[in-house]
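Engineer: Sequence:
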Amino acid sequence: MPTLKTFDGYKRTTFSFNEGWKDDDVHEYVGKFRILKIRRIAEIDTANGEAEGRIYTVAAPKDVSKADVINVLQGAFTRHCRCEHDCCGHLLIGVSSIRRTKRREWLVEVARRYNV
-16 MPTLKTFDGY KRTTFSFNEG WKDDDVHEYV GKFRILKIRR IAEIDTANGE
34 AEGRIYTVAA PKDVSKADVI NVLQGAFTRH CRCEHDCCGH LLIGVSSIRR
84 TKRREWLVEV ARRYNV
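Residue numbers for the sequence shown follow our numbering, beginning at -16 and rising by one.
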């Protein structure tokens, strides 16, 4: 997940690997994205138990298609471990929703939970 206020956005063009190994897929540079605001939301109930939620407000570069922005944001805010078994205890981060609020501004709702 991006930790800086600005990050390079890459869209994933192949989907040969699962989330833990997605860096081995092919990616194409889209542009610079900016995190404008991070808001922590209370713990939320999910199908897999309790999770901590965050909502990121992100500015996308000009002239990037909606599909490409969603692809970049999905990849940038999703992190899974590479363990071959359940209950490893690692942090899993997944996107709950992505929605456009303004022409170039997007809200990314993220859930963080431990694989236990």
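Quick caveat, the hints were computed from the structure, so don't treat them as lab data.
Don't take every hint at face value.
[Stated by the list, open to error] If you anchor each label on the Cβ, the simulated ranges turn out as follows:
(1) 69 x 17: 34 to 42 Å
(2) 69 x 19: 32 to 40 Å
(3) 67 x 38: 27 to 35 Å
(4) 38 x 2: 30 to 38 Å
(5) -12 x 45: 29 to 37 Å
(6) -4 x 83: 31 to 39 Å
(7) 87 x 10: 33 to 41 Å
(8) 44 x 1: 22 to 30 Å
Since we're looking at a predicted model, the values are computed, not measured.
Ideal placement from N, C-alpha and C gives every residue a C-beta, glycine not left out.
Engineer: Using the Cβ atoms, figure out if residue -4 sits within 31 to 39 Å of residue 83.
Structural biologist: 22 Å, violated
Engineer: Tell me if the beta carbons of residue 69 and residue 17 are separated by a distance inside 34 to 42 Å.
Structural biologist: 36 Å, holds
Engineer: Between residue 69 and residue 19, does the beta-carbon spacing fit 32 to 40 Å?
Structural biologist: Given range 32 to 40 Å: holds, Cβ gap about 36 Å.
Engineer: For the pair residue 44 and residue 1, does the Cβ-Cβ distance stay inside 22 to 30 Å?
Structural biologist: 28 Å, holds
Engineer: For the range 29 to 37 Å, tell me whether the beta carbons of residue -12 and residue 45 fit it or not.
Structural biologist: 18 Å, violated
Engineer: With 27 to 35 Å as the target window, see if residue 67 and residue 38 comply at their CB atoms.
Structural biologist: Between residue 67 and residue 38, where Cβ atoms are some 32 Å apart, the hint holds.
Engineer: Within 30 to 38 Å or not, the Cβ separation of residue 38 and residue 2?
Structural biologist: Violated - the Cβ-Cβ distance for residue 38 and residue 2, about 21 Å, lies outside 30 to 38 Å.
Engineer: Can you tell me whether the CB distance of residue 87 to residue 10 sits inside 33 to 41 Å?
Structural biologist: 21 Å, violated
In summary, the numbered hints that this structure violates are 4, 5, 6, 7.
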